[in-house]
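**Student:** Protein chains in written order, with this note's numbering: chain U, 1 to 441; chain S, 442 to 746; chain V, 747 to 1023.
Treat each hint with caution, since some may be false.
Label pairs and their calculated CB-CB ranges [as the list claims (entries may be wrong)]: (1) Thr579(S) <-> Phe762(V): 37 to 45 Å; (2) Tyr912(V) <-> Leu115(U): 46 to 54 Å; (3) Phe762(V) <-> Asn428(U): 16 to 24 Å; (4) Phe762(V) <-> Trp81(U): 48 to 56 Å; (5) Val181(U) <-> Gly867(V): 36 to 44 Å; (6) Trp227(U) <-> Pro507(S): 41 to 49 Å.
Just so you know, these hints were derived from the structure itself, not from any lab.
Note that the structure is predicted; figures quoted are calculated from it, not measured.
Here a beta-carbon is modelled for each residue, glycine too, at the ideal position from N, C-alpha and C.
One-letter residues, chain by chain:
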Amino acid sequence: MSAISARPSHAAQPSGSAFILKKALISAAVALVLFSLMIGVRTEAGPQGGLIYWTRFGDLAALVGTVFGGSIIIELLRQWWGPVDKEHIVPKPVQAAMSFAGRWLAPALLVFAFLVPVIFYNQRYILDLSILVLTYVMLGWGLNVVVGLAGLLDLGYVAFYAVGAYSYALLATNFGLSFWVCLPLAGILAAFWGVLLGFPVLRLRGDYLAIVTLAFGEIIRLVIINWQSLTGGPNGVSGIPRPTLFGIPLDNSDDGLAARLGIDFSPTHRIVFLFYLILAMALLTNWVTIRLRRLPIGRAWEALREDEVACRALGINVTTTKLTAFATGAMFGGFAGAFFATRQGFISPESFTFQESALVLAIVVLGGMGSQLGVALAALTMIGGFELFRGFDQYRMLVFGIAMVLLMIWRPRGLIGHRAPTVFLERNQAISSDLVKEGHG
Amino acid sequence: MDYFAQQLINGLVLGSIYGLIAIGYTMVYGIVGMINFAHGDIFMIGGFIAMISFLVLVSLGLTAIPLILLIVLLVSMVITALYGWTIERIAYRPLRHSFRLAPMLSAIGMSFVLTNFSQVSQGARVKPVPPIITGGYTLHEGPEGFAVQLSNIQIVVVLATIVLLAVFTWLVSRTRLGRDMRACEQDQTMASLLGVDVDRTISMTFVIGAALAAVAGMMYLLYYGLVDFFMGFVAGIKAFTAAVLGGIGSLPGAMLGGLAIGLIETFWSAYFSVEYKDVAAFSILIVVLIFMPTGLLGRPEVEKV
Amino acid sequence: MSGDPILTVDHLMMRFGGIVAVNELSFAAERRKITALIGPNGAGKTTVFNCITGFYRPSGGAIRLTDDVGRTMQLERLGDFRITKQAKVARTFQNIRLFPGMTALENLMVAQHNALMRASGLTLLGLIGTPSWRAAEERAIELARTWLDRVGLLPRADDAAGNLAYGDQRRLEIARAMCTEPVLLCLDEPAAGLNARESGGLNELLLSIRNDQGTSILLIEHDMSVVMEISDHVVVMDYGVKIAEGTPQAVRDDPKVIAAYLGADEEEAIAVMESGT
C-alpha cells in the first residue's frame, strides 16, 4: 500500500470480470452478515406476552442475491461512466439548451404555479399536494436565510414552525382573533423566540450551535406535549378557524363568498384560496429574501458565512447580525406555521418532530445553499418524490432515507451550485460554489 | 437519604449506557469532524441483534445464562460493528472531503434508513424480553420501609462499562491503532504522509464506536427488558447531548457527560416531574454551553487571526 | 518623541497562560505618518496588532487613539468590532481574509456596512427602496469603484475574490480596509508573498494613502525594502519588548537590531556589520 496517496488513483483501479466478481462476492457476504438476523429471523410479541420468532431465509437469500447482482451492475456502470471526478464534456447544443432552460426555468415555474388551480381545478389531490409543496418551499426559503445565507446550522427550525402554528391556533380558539390578525402575531412571536434562543447561544460555534438548536426544538415539542392545560397535549388543538377572505368566510353560509358572488358553493373554493394564500406567502418570503440580500444586512449575513473574523475587523457587529438572520428565518417559519394551522384545522405535536427539521434542512442543502430557485426545486423533488411512494406506506421513509443519502453523494453542493452576486458593475456572473464557504456557526 | 442513594445508583446505571453511546459520537467527531446522526440507530440495531440472537440461542436449547450472554455479546458486537463499517463505507466515505453539511445530511438520511429498516424487517411493535439477570442486594433498609436496592443487572451494566472503558482507553493510548487514530485526529494529510492508512483508521473508528453502541444496546435490553425501532432516536439525541456536554472530541468528556445526563434525568424524574426530565436535560445542556462554550472537558477553540 | 500621535501604546502587556507575548511595550504612531513595527518571527508583532484591533483583550496597559477631530478613545476598553466602527481603525491580515465567494465589489460593499446600515434605516428604508437609500447605495458603489481603480482591480470588480491572484487579493484587502474610511490603517505584512514589481506598487499605494487620504498607517513588515523606503518611523520588537526605535536609517544601523535578526551577540553583530560594509 502506498503511503503517500490516501486513496488509490483511478488509473490504477483494476477492472476486469474477476475484480467485479470479487467485489460483488464481498458485498454479498457483508449483506449476508448484516441481514442474517435482522431479515433472516422475524420476531414478534407472542399471544402470551413472550417473544416468538420465525425464520425468513427465502427473503434473506433474495436480498443477498439482490446485493450481489446490484453490486455487479453498479461496478459495470461505474466502469462505463469512468471516474466520478472526470470532466464529462457536454456537447455545445446541450450546453446552450441547458443555459436557456436555466434562464427560463424560474419564470416558467412561477407561471405554472399560478396556473395550477386552473389546470387542476377538479383534482383535489393535486391541489392538496401543491399546497404541501408550497408550504415546504416557504419553510425552505425561511431556513435558507439562516443556513444558506448566514451559514448558521439550525437543526431545530421546526420549533418556530410549531410556535407559529400554536400561536394562531391558541389565539384563534381562545380569543377568537382572526387569521389576518394572528398571522403577523405568529411571525412576531416566532421571531421573538428566535431572538430569545439566539441571544445566549449564537456565540457558540459549529456543531455546538447545531445541538443547541436541536435541543431547543425538542424542548418546544416536549413542552407542547406536556403542558396539557394550554396546548391540549398529545391530543392537539382542534377546531381551528379557517381563514377568511378579509372577513368573508369561504363556506356555504348566507354571507359566504359563494352566496355573495351568486355562484354555487364548492369546497374547492377554499382549497384554491388556500393555494393562492400560501403561494402569496411564499412569494413574499422570496421577495423579502432577495431584497435583503441586496441590503447591507443581507451582505453582512453572507460575509459572516464567508469569514466571521474579517467581519469583525470591518466593524460589523457579529452578534446582532446573526440574531437578525435567526429572527428573520424564525419569522418566516412562524408565518408558515400559522398557515399550516389554518389549513389543517387541527394541529398536534406529531407534526413538529425532528424529522420535519431534517426534511427542511435537506431541502435547503439539496437546493444548493443560498439559491432560492434551488430550494424551490428541491422542495418539489423531495415532497413530490415522497408522495410517489404513498402506496408503499411502510417503505416510504426507508426510500426517503436512501434517496437522501444518494442525493447527497450525487450532489453534495446541491442542485444549483452557483451563487449570484448581489451587486455588479459590468458583468453579472455567477460564482462557482467551490469558492463559496458554508460557515462555521 | 435512602431515596437519594437509590436515585444515585439508578442514575449511574443509565449514565453508563449513555456514556457508551456518547463515546461513539465523540470518537467519530474527533476523527472526521462530523456528527454521526445514525449512531443512535446503530445502538438500536445493537439492541435488536442482541434480542434476536438471545431468542435464537434459547430456542436452540442453551441454558447456561453466562454462556448465552457471552455469545449474545459477541454476536451483537460483531454484527453491529459491521453495520458501522458498512455505513461509513457507503454513506460517509464518498463525502469525506466534501462540505460539512453534506455528510451530516447523509447521516440523517442513514438514520432514517436504519430506523425504518428495523421497523419494516421486525415490525413496529415493542419487543419485550423476560428478565434474564435477576436478583440483587438490599444495601440499606430504611426506617420507613424504603430499601436501597442494587440489582445484579445494575452491577453488570456498571462493571461492563468499566471493563470496556479500560480496554478502550488501553486501545487508544497504547496500541498502534490508537496512535493512528490520534494522528488522524490531528492532521489527516500529515498522518497519511507518515504512513498511516487513513481510510482503515477511520473505518476502525466506526467499527469500535458501533461495537460500544452494541454493548450499550444489549445493556439497555437487559436493563429495561425491551427494544423498539424508535429507541435509537431518543437515546441517540441524549447521548449526543452527553458528548457535547462533556466537550465533543474528548473521550473522558463523553463518559462524564453521559453520567451527568443520566443523573440529571433520574434526579429530575425523582424529585420534580417525569414528564419534563428531557426538557431538564436539554435545558442544562444549553445553560452549560452558554457558560462553557466547548463543554465540560472540551479544548477551548483558539481563534487564530 | 514629539509631535501629534494618533495612537499611543502605553505599557502594553499580553500574557497567554504563563507566556508573556508582549511585555511593557510603549510606542506611539504619528498622525499622517507610516509607522513600521518590525522584529524577528515570534517577536509578538501580530499580538500587538490583535490587541490594538480588539481581537485580544490586553492583560495590562493602555492603547489610546486620538482621532483627527481630537476625540481620544481607549481602544482596550472598546473591544471587538467597535474599534473599527467607532474608533475607525481598520486592519488587514497576515493570511489574507477576504470573502472568497463574494465578488471584489461585494467585498468593498460589506466594508461599508455601518454607513449603509444607517442609510438603509436599519434595513427598513432599504426594503421599501426609498430614494435616499438608493442615493446612498450609489455613493457606496462609487466609493468602491474608486478604490478598485486605485488598487488596479477595476476590470476584476465582478470576479469572485477567491479567484484573484495572490497579489491582487492583498491589494483588494487593503482597498476593503480603506472602504471603512479609517483614520488608522493597520497592515499585517502587506508585502508578504509579493514579487519585486508588486511590492514596488504597494509602496506607491501606501504612500498615496498617507498623502492623499491623510490616513495614518501602522504596518508589520518583514520586507526591509518596503520598510526602509516608505516608513517614517520604525519600532523594533524582540521577545515581546521594544529594543529600538527611530528613523529607518537609525534603526538599520542599530547593533541591537542586527543582533536580534541574526540571533547573535551584539559584538558579533558589529563585526558582521563592519565586514559587510
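**Student:** Honestly, which of those hints from before does the structure not fit?
**Tutor:** 1, 3, 5
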